[in-house]
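Here is what each chain is made of, one letter per residue.
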Amino acid sequence: PRGRDGRGGEEEEEGWYQLYPGHIPTSPLQKALLAAGSAVMALYDPYRHDMVAVLGETTGCLALPNLRDKMKNHPEGYRILQERPRIRLSTLDMARLQGLPDGSLGREYVRFLEDNKVSPDTRMPPKFVDDEELAYVIQRYREVHDLMHTLLGMPTNMLGEVVVKWFEAIQTGLPMCVLGAAFGPVRLSTRKLQVLATELVPWAIRSGLNASCVLNVYYEQRWEQPVESLRAELGIFPPP
Amino acid sequence: VYQVFENVAKKYDVMNDSMTLGIHRVWKDILMHKMNPCPGTLLLDVAGGTGDIAFRFINYVRSVQQRQLQRKLQHHQNLSWQEIFESYQKDKFNSLGDSQVVVCDINREMLKVGKQKAQHLGYSEGLSWVLGNAEELPFDDDKFDVYTIAFGIRNVTRIDLALQEAYRVLKPGGRFLCLEFSHVSNPLLSRLYDLYSFQVIPVLGEVIAGDWKSYQYLVESIRQFPPQEELKAMIEDAGFFKVDYENLNFGIVAIHSGFKL
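Chains as they are written, first to last, in UniProt numbering: chain A, 1 to 240; chain B, 1 to 261.
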């Protein structure tokens, strides 16, 4: 068909281009609509993990630079930003990690993956973050999420996820975590809500406030470290 | 184009309702009223994927058939109850009056969704589902009474070939009907329409179908498509006569019509 110079062409060429593979440049209006839409959809259909991811990307414009700066100003975090490690099944030596002693980070992490039947490869790559370094930061946050579960000793059921979200909300300040922490409990039974409110959330908040930034830990170089020692180092209180 | 519709197939109907705020149903109804088929019509619906046009056709023809039956019965009100019952049996066979619709689509997934919908909604007779390419239809010459293509022709690479094929498979006297997005000439409306298309629709695609890119493509393909007069000329080039178009919603959508004589 013959091409036509529609008005659409002008709207798109506002000096945008792909900053990283998978990047979709978006206007402020589109980001706002995406944020609203993804929030509604994530609540309506909890299985739409992609919507949670989109919500995080579109609302993280203040929190992400903050996180990135925290990383830059920390020796270990700085190295992570330079070397850009990725946590993927292809990069992890599962056999070696399984062989590590019980109680070590590596062994417990693998145990967590097996018990909950999850894989680090299911994390969505970022699409709507308009900065290549910040895109890595959010990617790192997503890939480290399972390690959060391990450090906090929380399973991947609704209750466990909410607790981790509270911790992450304090740690990262990402609006998506805050929303998840606030609205996640909506789908829990009263009994669970009680446990959540009286024990788990206060503990998560205290640990979150007390701990140093969890993104500043080069986990891939600490597989042998015992979980308890890492907790103490970071400032995470023992789970109830 | 194929991959776009593979992704899009399952959420197609939901997306259509969301993007057009349900108005696409009205557009399709208008198309059917314009066609005004009588029982016994053989319709070919190209790029008909999920069956929207086909189902409307069946409903329309059925209601026409019902009205004819009622009129016939009114005529025969002196018949005994037994004779009336028997005439029901005879005509029940032909609730569609031999009308048939062939739904042709290049995409297997779209046809699958269409077949499931038909089953779900209770459409069984008078429907056929065929895999085929609009540029090279698997049908013989002079076969169909009406050819429709609703929101499909802009996805065809060689529109001229599709039009030629349409001409070929229609019977002499047959009608070509095309429902498609077109050009809005009103400048204010055009700007609002562009804003909505480029800002809202890909977002809807991402939120509802998890697919930004396909809907970005959709919006862009609408802009690339020839406007009303140009399409009219192309249809005339394929050999159709009495080619005309009707704008719906200020040109957001247009119905083009032509006859093979």
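Just so you know, the hints here were simulated from the structure itself, not pulled from any lab data. Don't take every hint at face value.
[To be verified] Chain A stretches covered by chain B per the calculated footprint, using a threshold of three residues with CB under 8 Å from any CB of chain B: (1) 20 to 34; (2) 37 to 44; (3) 47 to 61.
[To be verified] Just a sample of chain B residues kept apart from chain A, beta carbon distances all over 12 Å, derived: (4) 17; (5) 62; (6) 98; (7) 121; (8) 128; (9) 199.
Since the model is a prediction, treat every value here as computed from it, not as a measurement. We put the CB at the ideal spot given by N, CA and C, even for glycine.
Hint-by-hint comparison with the structure:
no. : hint     : in the structure
1   : 20 to 34 : holds (count 6)
2   : 37 to 44 : holds (count 4)
3   : 47 to 61 : holds (count 4)
4   : 17       : holds (15 Å)
5   : 62       : holds (36 Å)
6   : 98       : holds (37 Å)
7   : 121      : holds (24 Å)
8   : 128      : holds (29 Å)
9   : 199      : violated (5 Å)
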